[in-house]
Amino acid sequence: MDAAAIDKIISAELPDQDEDPVGYEAVMQYMGHGPCGELNRKSPCMVDGKCSKYYPRKFTNETSVSEDGYPEYRRRINGRTGDKNGHTIDNRFIVPYNIDLLVKYDSHLNVEWCNKHRSIKYLFKYMSKGPDMALATVQEMGGETSTKPVDEIETFLRCRYVSASEACWRMFAFEIQYKWPPVQRLSFHLEQEQEIIFDDNEHPEDILQRVGEGKTTLTEWMVANKGNPEARQLTYAEFPTKWVWIKKDKRWKKRRNGMAIGRVYFAPPNSGELYYLRLLLNIVKGATSYADIRTINGVVYSTYKAACNALGLLDGDDEWNVALNECATWSTAHQLRELFATILLFCEVTDPIKLWTTHWEKLSDDILPRQRRRLGIGDLSLNEDQIKNYALYEVEMILNRNNRSLKQFPDFPFPDCMLLQISQNRLIMEEQDYNEEAMATQAKQMEVDLNPDQRKVYSDVIEAVLKKKGSVYFVYGSGGTEKTYLWKTMITRLRSQGYIVLAVASSGIAALLLLAGRTAHSRFAIPLNLTDSTSFRIEQGSDLVQLIRQTSLIIWDEAPMMHRHAFEAVDRAFRDIMHLDDPMAKDRVFGGKTVVLGGDFRQILLVVPRKGRMDIVDASISKSPQIWPYCNVLRLVKNMRLTLGKNEHDADEIASFGKWVLDIGNGKIPTTALPSEDEKTWISIPEDLIIENKGDPIASIVEEVYPNLLENYTDTAYLRGRAILAPKNEIVEQVNNYMLRLISGEEVISKSVDRICKLTHNASNMENIYPTEFLNSLKFQGLPNHEMLLKVGCPVILLRNINQAAGLCNGIRLTISKIRTRIIEATVLTGINVGTLVSIP
1 MDAAAIDKII SAELPDQDED PVGYEAVMQY MGHGPCGELN RKSPCMVDGK
51 CSKYYPRKFT NETSVSEDGY PEYRRRINGR TGDKNGHTID NRFIVPYNID
101 LLVKYDSHLN VEWCNKHRSI KYLFKYMSKG PDMALATVQE MGGETSTKPV
151 DEIETFLRCR YVSASEACWR MFAFEIQYKW PPVQRLSFHL EQEQEIIFDD
201 NEHPEDILQR VGEGKTTLTE WMVANKGNPE ARQLTYAEFP TKWVWIKKDK
251 RWKKRRNGMA IGRVYFAPPN SGELYYLRLL LNIVKGATSY ADIRTINGVV
301 YSTYKAACNA LGLLDGDDEW NVALNECATW STAHQLRELF ATILLFCEVT
351 DPIKLWTTHW EKLSDDILPR QRRRLGIGDL SLNEDQIKNY ALYEVEMILN
401 RNNRSLKQFP DFPFPDCMLL QISQNRLIME EQDYNEEAMA TQAKQMEVDL
451 NPDQRKVYSD VIEAVLKKKG SVYFVYGSGG TEKTYLWKTM ITRLRSQGYI
501 VLAVASSGIA ALLLLAGRTA HSRFAIPLNL TDSTSFRIEQ GSDLVQLIRQ
551 TSLIIWDEAP MMHRHAFEAV DRAFRDIMHL DDPMAKDRVF GGKTVVLGGD
601 FRQILLVVPR KGRMDIVDAS ISKSPQIWPY CNVLRLVKNM RLTLGKNEHD
651 ADEIASFGKW VLDIGNGKIP TTALPSEDEK TWISIPEDLI IENKGDPIAS
701 IVEEVYPNLL ENYTDTAYLR GRAILAPKNE IVEQVNNYML RLISGEEVIS
751 KSVDRICKLT HNASNMENIY PTEFLNSLKF QGLPNHEMLL KVGCPVILLR
801 NINQAAGLCN GIRLTISKIR TRIIEATVLT GINVGTLVSI P
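Last residue of the sequence shown: 841 (my numbering), numbering continuous.
None of these hints come from the bench; they were simulated from the model. Just so you know, even glycine gets a beta-carbon here, dropped at the ideal spot from N, CA and C. Any given hint could turn out to be false.
Simulated restraints on C-beta separations [as the list claims (entries may be wrong)]: (1) Val735 <-> Gly378: 52 to 62 Å; (2) Arg232 <-> Leu725: 22 to 32 Å; (3) Asn765 <-> Arg822: 26 to 36 Å; (4) Asp379 <-> Lys751: 16 to 26 Å.
DSS-like mimics (lysine-lysine), calculated; alpha carbons at most 25 Å apart, straight line [unchecked claim]: (5) Lys456 <-> Lys638; (6) Lys285 <-> Lys226; (7) Lys456 <-> Lys444; (8) Lys250 <-> Lys215; (9) Lys254 <-> Lys242; (10) Lys469 <-> Lys488.
Please put together the full structure from these sequences, using the hints given.
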């Protein structure tokens, strides 16, 4: 239809939509959708080229005209109906239009009344769910052909849309979310233990009343077993397959259809009775009380561990008896007590009391001479009970350093309380047990060697501690700027004056370089699984709380390697702890404590599983809105390693290499991308840094890294300064086997004990399907292979934390001194405990 035909139609009357749909559609397309405008110059509201805002009545076929001239639509009853959820609906149920929005935005807009609280909740959660992000790449002019290096930090920008309401909410500093519960909790006997959260101002009677009415999935499982024979055919772990937990009513209901997989909360072996209760809940069926869980073949055992032993779930203690006997032939009594505590902590000991009574004489061999020296009485005499008491006290102190106690082992003898009262708070005593005079002398010597950058940081931090400013610092320095030396100088100075300094690091290796250093997870009891609302348990009044309250300085090394949620969780805990001393501490970062964070963002950052670059950057401490804005950033720029060169040529070579490494971190090195990749992440390595492959790549790298190995492998300094890194365990095994063949001496093969877990469903049949040789062939990340080849003098790396006080942490390097049947004697290679002899079961 041409324009002339449309003009003719408009000058007459708008065609009826039902009778002439083609004509009606053509006119509407020609006129446009709005009441006027350039495209709607033929609209009936137009008079002399201007919009009169009034429609002729002949145009409003199915409408009436309001006083302002705009059409008023009505929902006509045309007889058409439909069914919706059992209800008959017609045109009256159509959502009405909004004339103001229709005219203003020139579009079809429907407005519906939001009359359900769930809809409001959805809108609130949608707006508060977190930022919508996009990844944008900003390139220099010239694109792929540009020769100018691209700075990754500048070219990758984090984009985010912030709505007006969210922007106002943040500008006014309103709470984005509320953190609850507080730190306080109550603890009861195991069979009545339930976690109870309460406020500071809540009345104790109200709390206890709530405790009495508490119901859990475990207690209600017992209730369900009482009234239903079918329920008694299932273990606690199997219960969700046939029953569903009604959270609102706190009860189990029989499942009509479908199923779910049950999983009992994890409890580590060192959690005591909780661990053994968990074992039984995977086996016992139909229990109606806690006593039923401990009942085996009609006999009610006093502990869950005894019940597990009666079921044959625990192995004997022959392994640990042999280990202690072997160690006793060459180690001191102190080393033997360290080994005994390690076995109690990390090994599944069936009968700890029997293990103690069998070996207590060896464990206390040095008690009498030590007491004679302490008291200055050469002919001091102690009876058997007194010697046992002192030995138990020493073991208790070792366990306390690992946040454990002999009280957690049922019926185990405990040292005399009067002896323990002398120690008061063990954590505070450990942090004050230093020779202040010797440290003062050492601090003066170390202060002299500080360079100007280090001295600036040193003076600022010391002043903040002495004046109790409660500042937060971040010391930004690349490798070689000797941050560790700066930490040691601070620690030595303040400890010489009686101040408590907590030295922690994000990794075990970094913690070993600090004086009395610990990992942050260990020192502050930070959970491994972190979220933005993580809260962890530090009981008010505990030794750790008292230690934190008296601490003057916290040094946290390798901060960029830790997720910002860990810092934020510690920040919240410190505010809760310190507000008892200072009500204003609630509003101060880390509760007003002076905290020094250190590291280099150009080095290895934290690991965020299955996430990309933007998520890793967002997880960094520099993106924490609660902490980073209050950080005073101090920089160390002088590379002290440049002074290590023996001559000018060596110094220039070290300086050139240091600059190249910094240029990589700063994004100044040109990058390329592989054909299948979008992002440029590959760099070219200078030829002088590449090892020439002479046919055997492993032999080439060993010859380059360990020159003259046979003449030097017994030199600890030679081993300490060298290492070969590999991306996969299989490559590590190839390198290790090659180097062990070069070292003289007898080769010892240590083998693992692999077996099907006794709690596995149908374990007896599984043992037939999966024989021992198959289990021995399995390889896993983070675990050594079934066969481990060792030789006296070869270096090894520990893969778990055993005894941090002795330097036995994940990643520590040692050399093998002796290899026994059940014990490895090794010498510490790295950290502050270099040269220490340790025993590893």
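We went through each hint and held it up to the structure:
Restraint check, Val735 to Gly378: a C-beta distance of roughly 56 Å satisfies the suggested window 52 to 62 Å. The beta-carbon spacing between Arg232 and Leu725, approximately 56 Å, falls outside the hinted interval of 22 to 32 Å. Between Asn765 and Arg822, the C-beta spacing of about 32 Å keeps the proposed range 26 to 36 Å intact. Separated by about 51 Å at the C-beta atoms, Asp379 and Lys751 break the suggested range of 16 to 26 Å.
Between Lys456 and Lys638 the CA atoms are separated by roughly 13 Å; this keeps the pair inside 25 Å, and the hint holds. Taking the CA atoms of Lys285 and Lys226, the gap is about 12 Å. The hint holds against a cut of 25 Å. Restraint check: the Cα-Cα separation between Lys456 and Lys444 comes to about 16 Å, which is no more than 25 Å; the hinted pair holds. Our distance criterion of 25 Å between C-alpha atoms is met by Lys250 and Lys215, whose separation comes to about 6 Å.
About 6 Å separates the Cα atoms of Lys254 and Lys242, which keeps this hinted pair within 25 Å; it holds. Taken as a hint, the Lys469 and Lys488 pair is honoured in the structure, with Cα atoms around 21 Å apart against an allowance of 25 Å.
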